[in-house]
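Use the sequences and the hints to build the structure in full.
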Amino acid sequence: LILWLGFLYQSPLDPDYTSGELVDQVMNWLETGRLYTSVETPPYRVLNYPPLFFLLVGEMTKLGFQTLLAGRLVCLTSVILTVVIMFKWLRSLGCSTTVTGSLIALLATSYAALYNAGQFCLQWPTISLSLLAFYWLREPHKKNHVFLSATVLSLACFMKQTQVVCILISFL
1 LILWLGFLYQ SPLDPDYTSG ELVDQVMNWL ETGRLYTSVE TPPYRVLNYP PLFFLLVGEM
61 TKLGFQTLLA GRLVCLTSVI LTVVIMFKWL RSLGCSTTVT GSLIALLATS YAALYNAGQF
121 CLQWPTISLS LLAFYWLREP HKKNHVFLSA TVLSLACFMK QTQVVCILIS FL
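Read in this note's numbering, the sequence shown has 59 at position 59, and its numbers run on one by one without any break.
Hints listed in this document are in silico derivations from the structure and should not be mistaken for laboratory results. Since we're looking at a predicted model, the values are computed, not measured. Mixed in with the good hints, there may be bad ones.
What the hints assert, rightly or not - Here are the computed distance ranges between Cβ atoms for each label pair:
1) ALA112 <-> LEU63: 25 to 31 Å
2) LEU148 <-> GLU21: 41 to 47 Å
3) GLN123 <-> ASN144: 25 to 31 Å
4) LEU148 <-> PRO51: 18 to 24 Å
5) VAL99 <-> TYR36: 25 to 31 Å
C-beta atoms are modelled at their ideal positions from N, C-alpha and C, and glycine is treated no differently.
Below, the structure is given as structure tokens:
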């Protein structure tokens, strides 16, 4: 995983060809101050995503990060958060360290995880927030867990609502 991420960050050609539209949206927002622009006047841009991911990336660029790197760091942080949540959840269910480590290794070595870990995409942040919400929802008797779950799931919806709806339906 570390070698793959190193390759992504050192590559002179951006292997994340799908990020172009999202990077363009963030850069346009930073230049114009408007995230959602009119589709009736140039430049013709249609943004079908909620604002949270773009807000996080935009704030990181204000701290001095390049736009592409900021989005990739948000995604990478989300992957790490997902792995930590999965580890804690599996351990709380009584899985041994060996079984938990093996399952985490399967995730970490899957092509989807490797490819997207260092990319500029909003799927991983949505997954990590949704997983955190359901992790807390497992223990509703603990103080504030239902409230925290609802809050974090709402944040996930502000990241990418279609992904959260599928996760929510599968949970129910």
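Hint check, failures only
Those not satisfied are hints 2, 5.
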